[in-house]
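Undergrad: First to last, the protein sequences are chains A and B. Residue 78 in this note's numbering sits at position 78 of the first sequence, and the numbers go up by one each step. Residue 315 in this note's numbering sits at position 315 of the second sequence, and the numbers go up by one each step.
Incorrect hints may appear among the rest.
Taking lysine to any residue pairs in the SDA-like style, the calculated list, with each CA pair at most 20 angstroms apart, reads [claimed, not checked]:
#1 K136/A - R277/B
#2 K15/A - R493/B
#3 K15/A - H486/B
#4 K53/A - H479/B
#5 K171/B - G161/B
#6 K137/A - R277/B
#7 K171/B - L228/B
#8 K137/A - R284/B
#9 K281/B - L168/B
#10 K53/A - H486/B
#11 K53/A - R493/B
#12 K137/A - L228/B
#13 K313/B - V377/B
#14 K53/A - L362/B
#15 K137/A - N415/B
#16 K9/A - H486/B
#17 K53/A - M482/B
#18 K313/B - L433/B
#19 K53/A - Y407/B
#20 K15/A - G38/A
#21 K53/A - V406/B
#22 K136/A - V295/B
#23 K137/A - M278/B
#24 K136/A - F257/B
#25 K136/A - M278/B
#26 K137/A - F257/B
#27 K17/B - I112/B
#28 K53/A - A494/B
#29 K53/A - R496/B
#30 K9/A - G111/A
#31 K380/B - V453/B
#32 K137/A - Q256/B
#33 K137/A - E273/B
#34 K136/A - T258/B
#35 K137/A - L433/B
#36 K136/A - K281/B
#37 K281/B - N141/A
#38 K136/A - L433/B
#39 K15/A - L174/B
Simulated from the structure, these hints should not be mistaken for laboratory data.
Here are the chains, one letter per residue:
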Amino acid sequence: MNIIINNLKKTFGEKVAVDIEHYQINTGEILGLVGNNGAGKSTLFRLILDLIKADTGSVRMTGMAGGEKRDINVAETEDWKDWTGAFVDESFLIDYLTPDEYFHFIARISGLSDAELEDDLQKYEHFMAGELMGQKKLIRNLSAGNKQKVGIVAAMLLRPQVLILDEPFNFLDPSSQSHIKHLLQEYNQTTGATILISSHNLQHTVDICPRIALLEDGHIIRDIANTGGEAQQELENYFEV
Amino acid sequence: MTKYQLYKLLQRTEALKDERHPMFEKNRFMKFLMWFLVAYYAALMIIMGVSLGFGLKGDYSAAYHRLDGGFFYLLIIDFWMRFMMQETPAQKAQTYALLPIRRSFLMKTYLIRNMLSWGNTFWAFFLVPFGLVSIVPLMGWGAFLGWLIGYWLLFVLNGLGYLFTRALCMKHMLWFLAPLVLHAALVCVCVLPDHNVLRVPFILFMQGFAQWSILPYLIVFAAIALALWANYRLQMGMVYNEVGKKEEVELKRASQFTYLNRFGTMGEYLKLELKLRMRNKQARMQFFVGLGLIVFFSVMLYFTDVYDSGFMKSFICLYDYVIMGATTLIGIMCYEGNYIDGLMSRRETIYDLLRAKFFFNLGILAIPFLLIFPLMVTGKISVWMNLGYLFFTAGVLYPCIFQMAVYNKNTLPLNVKLTGGNQGTMMQQVISLVVLFLPIALEKISVLLLGPVWGYMPLIGLGIAGIATHRFWLRNIYHRFMLRRHANMEGFRASRHG
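Pulled out of the complex, with its shape left as it was, chain B reads as follows (with noise of 0.2 angstroms):
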């Protein structure tokens, strides 16, 4: 077999893992709905570049002038959602270790095939409309195309970086630093008064790719290399890591928890939250991630002003508060899914579970409250909209946040160290869309009617009520899981890994 055969078997047989996988391949309608989401969110995008092209019209080079200068937020973007839904070529390689196939053309073959990944031109979607409207007009066609390939390469160039970092994450979870400190060093230079540091220099090096000039293109090429080499070492060291990988069979310490057998039952599955959370990679991971944008976002808050607009104060204090829920909690049930038969076989065992982990969650929301407590104090977030949000997350957002752990039945791995791509269910997908975005509308109609203070008092009165009846709305949650509990449990059987 050639090793162009053997690259398009490896392409076949990676195409038929998503198209088979058990949760995909028995519902269409998921198919349907997983291209309706891509061909929405490429509408979106167009629409914007659409927007933004004419919104600046009259000032064509301002329009482009203002995006290539802040370039980077797109890479900043783009690598985050990477997270959510790229694997690093470590995991896939291993698969095949056993296999007779070189692991160096495994790993370049995955390599490849990330840069030349579909993924890296979807922000064309957004670009190509942009530059038709801000860039032919003024610039041509040739300047049109240059400038496409140099945000190409500069998206292929995020991608390994991506993949870099992410091997690095499987080394040690604290890596994960990096790139938040980085982009948010980034992000801190451009918003001082004298940004003209960065964006000038941005400015001029896309206005290169579009005048077809050589050096972008040689550095940019240069870090390609540069980043391909880098990948190349790191991720063949991941696959024997991986092969070869010799589980921590002891833990260090073994935490009781004992504090919380004064709750009782409730307090023995708060444990198991814990533990959940402390003793498996990918939760973990989940969680700490949730930390780090909780802090991300209180941090945006403390040292910027470019948030201070009215809504973006409320966008970011309700993120604040909510993204936790909506990172975390919105897979309610799917780790459970991996011991959900030994759950099943104990008396009301879920009813329980999904106390402890409302309380769990409860607890979480200190978190964002305690930090931006003193934004509270200096005025910066009204003492009113910090109640309002913890209460409405507590009392409205989790309940509906919480729903899913009717409609959730796929099992997530626990304990793999590089995750494959989990973009969630449809289900999940919109209820993440209205707990991060019901809340604002709500906010702005009630203030508008209300006023400032009294505004917040619905959000308010309705987050107590709302905490106050948790065991019935809970119980309501156990009684349908109960009534759809062998569906349930058949979907977390198919998809249970390992």
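So here's chain A without its partners, still in its complex pose (with noise of 0.2 angstroms):
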């Protein structure tokens, strides 16, 4: 699925929190979005999940979809959310049940069989390392990083065409940042997923995404090919490390 960004714009009072002329994300790519804090990586994620409403401007999606072709502006229907995945943050998760629960619900809610659940699941059972599974914690009790897994996979429980999740990496163990490292390149080498990070850590964006696109202040000021790691430099050399 490919997402198309036109003139789209979101300011805060005076801050320009997303100002992008034109941008494509094609179909099966794995887009790293880098950049400061304010930089709008986020603003931009919840505008693709129409979460925000742009002051001006359009996000669409375009291409085959349940073996039709597909081309839709998001602020102006909902099918785009058949096939998108997304975990920004908490506010994605009902914090009152168990993960067990919680996978269900969005599992039952989308139609998935509890059969295709627990096979879906125990792909990310390494991932989830034995810690949220068949506990009778609340998602509200478990530690940061776990919420974090739970958030990630179920985002991914679909198997959706368009998955968008907001900074992974953070409050992972390192282990489980390697995991879902590997997780996310095999899933989009198995589905032909778009899949659209964000991260602050720069040295697993370069890793995993073959793109990376740069934000200041609302801006994409470098759109960086990385099919090699050679955004490595580039990137250390604008955030001075």
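Put the complex together from the two separate chains, hints included.
TA: Here you go:
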């Protein structure tokens, strides 16, 4: 699924949060968004997910879905929700459910059978490290890292064609960070899904994203090809690390 | 910094907390409405005070004696109103737990501020005009002043009693029953045939204030001192509990409600609604308060005959049905504000959620129906009135209340033990008033025109029509919600706690 952004602008008072004239993310790409705090990464994700209203412009998704060619504006229809999975922050989690209950809830309201769900969850067993399933802990009582895992797994459950994760490496222990990197790459290769992630971890971003967009004050100031890890130096120079 | 300066600083900080609340700050109209409502209620109380005073003119003594004989009714109303508006010191002090301010000082500050709060003088809007009409002409200004001070002290004591009860409710919700039982017992004693048992002592007690007798003042001062001491001890303990609180991290039993699976997607939302009410302190408390009120109103109908007038029977019977909706459903979507982004990233979740909420609340109506059923059998409540209000609530009042799903955009915290002042928005208050009073007006007109049996048929008919068309009006609400979704989500995010 392609994501096409046109004349997208969002301001909060005087502050320009996002201002992108044109940008296209192609089907099957893993795009990494990097930028300093307040650069507009989360706002851009929320605009793509129609969670906030753009002042001007549009986000379109085009491509094949359910066997037919689609071209939709995310602000005009809910169709995109059928093929999009996302986790931005805790407001995506129903924290008075246990992880099991939350996954079952997501699966059932999306028409996934229990067997399909169990099958899907098995793929993430290693990532969940035995700390989520079968526990009687509510999500709100989990550690920040485990909450993050619940959000990521829930976003990936329905095998979406578009996957959006805001700072997925946050709060995760080193081995879980490594797991999620492999999971995302494998998911991208097996499903051909378009994946958007944002991160402050330059190394992880360079490791898994063949394309990286650098945001500053809401503008994409650089669109960096990174098929061989060549973005590393450019990003280090920009962030002065 | 001196203690007085610190006291003033805390006072200023608390004022800023209210002024800069995200929802309040960006809504100037809301500020105006808040003041308008205060002015409205004040005017209402002045009118009531004057009317009651003049209503009994010619029998001045009876006027204030009748009020004094039942002054605890005012205290009961005042007590329960505080649940909607007042925070406890433990919650306020927790905010400053990590600052270099002595907790004992904080606690004393908040208790003193509570005693000196304007809220304790609000009843003056009623008492001053009443006293001017009924006491000044008979006993003079000195008596009037003493009488007013007496009432003020009683409201101060009531406030401290409320804080104590509220803190106990924090430890265990069942403490909520203590004032309920006490107040019910007082009411029951006073409706006994020989109700002078309490009335005469109450009159003498209040007369003591007016006559500046030392005894009633001593009694109230002693009670206030005791209440202050008890509150200080309890609230201090509560602060430590709050700060060092260890959340119960594992559910004892994770109910799955598998019997709801047969309802498909809606069953999942029904489970969500049940878990929302069971696993979150705030939502649970609100739900049980609603249930408590249903039982309370039913008990009033069972055991007293003071409400046997046509109007009061209608009023109580309607309250029994609508009180849960008016208290819990009026804030529809406010709890969901905590996870609205997750819901909104899935297709049509809000429509299914609304359907589930409708059926959940339909199920709730079975409780007042079953409680009123024996009264229906004995003939105390007419079958048609009972059915009329049942169907009218489900099919007409619920659709009215559900409209709030389109307009509510302030997130309510799910699991905060101690609640702050959530008086609701203007629209919530208007809808509450409409659903509490409009049906009675309709019923009276209908019964007047069509008689005591056929008069209820329009209510039943409209109700059944509303239930039968629930998909249609819920879909309409859903579409309107979607049109306002960005503004609503912005509001939910801005008012999200923690």
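Undergrad: Enumerate the violated hints, using their earlier numbering and listing them in ascending order.
TA: 12, 14, 22, 30, 35, 38 and 39
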